[in-house]
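Fit the two chains together into the complex; they arrive one by one in their own frames, and the hints show the way.
So the protein lines, in turn, are chains A and B. Once you know that position 89 of the first sequence is 89 in our numbering, the rest is easy, because the numbers rise by one and skip nothing. Once you know that position 20 of the second sequence is 132 in our numbering, the rest is easy, because the numbers rise by one and skip nothing.
It should be emphasised that the hints constitute simulated quantities derived from the structure, not laboratory data. Beta carbons: idealized from backbone N, C-alpha and C, even for Gly. Errors might be hidden in some of the hints.
[Unchecked claim] Mimicking DSSO-like on lysine-lysine, the simulated pairs with C-alpha atoms at most 30 angstroms apart in a straight line are:
(1) Lys-115/B / Lys-217/B
(2) Lys-115/B / Lys-14/A
(3) Lys-115/B / Lys-185/B
(4) Lys-128/B / Lys-182/B
(5) Lys-9/A / Lys-217/B
(6) Lys-217/B / Lys-185/B
[As the list claims (entries may be wrong)] Not the full set, but computed from the structure, chain A residues with beta-carbon under 8 angstroms of chain B:
(7) Leu-43
(8) Gly-106
(9) Leu-109
(10) Val-111
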Amino acid sequence: NAGVTQTPKFQVLKTGQSMTLQCAQDMNHEYMSWYRQDPGMGLRLIHYSVGAGITDQGEVPNGYNVSRSTTEDFPLRLLSAAPSQTSVYFCASSSTVAYGYTFGSGTRLTVV
Amino acid sequence: AQKITQTQPGMFVQEKEAVTLDCTYDTSDPSYGLFWYKQPSSGEMIFLIYQGSYDQQNATEGRYSLNFQKARKSANLVISASQLGDSAMYFCAMRPSGYALNFGKGTSLLVTP
Numbered sequence: 001n002a003g004v005t006q007t008p009k010f011q012v013l014k015t016g017q018s019m020t021l022q023c024a025q026d027m028n029h030e031y032m033s034w035y036r037q038d039p040g041m042g043l044r045l046i047h048y049s050v051g052a053g054i055t056d057q058g059e060v061p062n063g064y065n066v067s068r069s070t071t072e073d074f075p076l077r078l079l080s081a082a083p084s085q086t087s088v089y090f091c092a093s094s095s096t097v098a099y100g101y102t103f104g105s106g107t108r109l110t111v112v
Numbered sequence: 113a114q115k116i117t118q119t120q121p122g123m124f125v126q127e128k129e130a131v132t133l134d135c136t137y138d139t140s141d142p143s144y145g146l147f148w149y150k151q152p153s154s155g156e157m158i159f160l161i162y163q164g165s166y167d168q169q170n171a172t173e174g175r176y177s178l179n180f181q182k183a184r185k186s187a188n189l190v191i192s193a194s195q196l197g198d199s200a201m202y203f204c205a206m207r208p209s210g211y212a213l214n215f216g217k218g219t220s221l222l223v224t225p
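If we strip away everything but chain B, and leave its shape as in the complex, we get (with noise of 0.2 angstroms):
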């Protein structure tokens, strides 16, 4: 069965400061993909970011990266210069070749002025 980690239940970062929020997995497949979501107080799911575990390169959408270490089973979401509207949690998800997400439990990001 595949786990999803997450082991910082709640983060705090100052505004304009990077914040690495961490993500580790279990999986035995070799074809996996890694996404995270942001989830605000008003409830909806926001895709963020993915990283296919086929990819050489880690990948990155605007002030996202995701730092893959593939041999660490780690895929750590770093938010650069973080904002106020960052406050929210965040959820690390594994979609194994062809089925639905797994999701890790979620870390609470508050971003302070």
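For reference, chain A alone in the conformation it holds in the complex (with noise of 0.2 angstroms):
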């Protein structure tokens, strides 16, 4: 079925390892965003992306970096691994202002 792929759906990182959470949309959409989600927080946006070759920082950039190398993929790297970074991610893309985004099943990250 077309949609977004996050994976791993669960990781336990030791603080100050790195890793790579993944992103894949089958949709051709041009939009694709990072969240993180933390009990009474909401959604925080990370990064965007509004298409290949072009990203910006969110809300709470701290700690992560990514690229777009294609319209398909945008991979969310944490650099080294801090406790505060335990939560769960959700990736979303959207071809159009007009649309919502679709949003993967996330991903539940635990840093001790």
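Here's what the structure looks like:
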């Protein structure tokens, strides 16, 4: 089925480790975003992209890197994991401004 | 900066009754979109309804309607004839032209029999 695929679904990291959260969509969407969800905080924007080769920072970008080399993929890199990055991460994509984003199923990350 | 405010952390409604979830927003952009998402306990984000800033009529999608009051900068979600399956977190979000969504903190809705 078409949609947004996030991997892994669950991950435990040790403080200081690095990792990449994968996000892929097969709907040829131009817009892609990464969010983190913490209890009582809603979803906060980390980074977003309006097309291949174009990325920008959101509300909480520190400690995260992104790149968009293809339309389909938008990986999120944690450079040196910290316990404060324990969260649920959502990737989302959209074709136009007039429609909502389609979300992946999320990655639950725990940093110990 | 754009800001979305949902002032109701939790709401209760009886089955078959209507409920309104409040959302106010703040933006200086003339063109923007307003969205509501549902997040059940399983965790997925489900798109419910969209309202464009230039739309003259309020959006409706089945039992969902969006009460859009542009001058007051409010975009309340109305759920008619509530069902037990409507129990979930509901997020209001705004999208400035061409960019990503900004979310409110959400409202937890519990539908009781």
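Right, here's what the structure says about each hint:
Annotation: proposed proximity of Lys-115/B to Lys-217/B holds, straight-line Cα distance about 11 angstroms (limit 30 angstroms). Between Lys-115/B and Lys-14/A the CA atoms are separated by roughly 34 angstroms; this puts the pair beyond 30 angstroms, and the hint is violated. For a cut-off of 30 angstroms, the pair hint linking Lys-115/B to Lys-185/B stands: about 11 angstroms separates their Cα positions. Under the criterion of a C-alpha separation no larger than 30 angstroms, the hint pairing Lys-128/B with Lys-182/B is consistent with the structure, at around 29 angstroms.
Only pairs whose Cα atoms come within 30 angstroms are accepted, and Lys-9/A paired with Lys-217/B is accepted, the gap being roughly 23 angstroms. Using a Cα cut-off of 30 angstroms, the hinted pair Lys-217/B and Lys-185/B holds, with the two alpha carbons roughly 17 angstroms apart. Interface restraint check: Leu-43/A against chain B, minimum CB-CB distance 4 angstroms, threshold 8 angstroms, status holds. At about 6 angstroms, the closest approach between the beta carbon of Gly-106/A and any beta carbon in chain B falls short of 8 angstroms, and the interface hint on this residue holds.
The interface hint given for Leu-109/A is violated, since its Cβ lies 14 angstroms from the closest Cβ of chain B, which is over the 8 angstroms cut-off. A cut of 8 angstroms between beta carbons decides the hint on Val-111/A: the least distance to chain B is about 19 angstroms, and the hint is violated.
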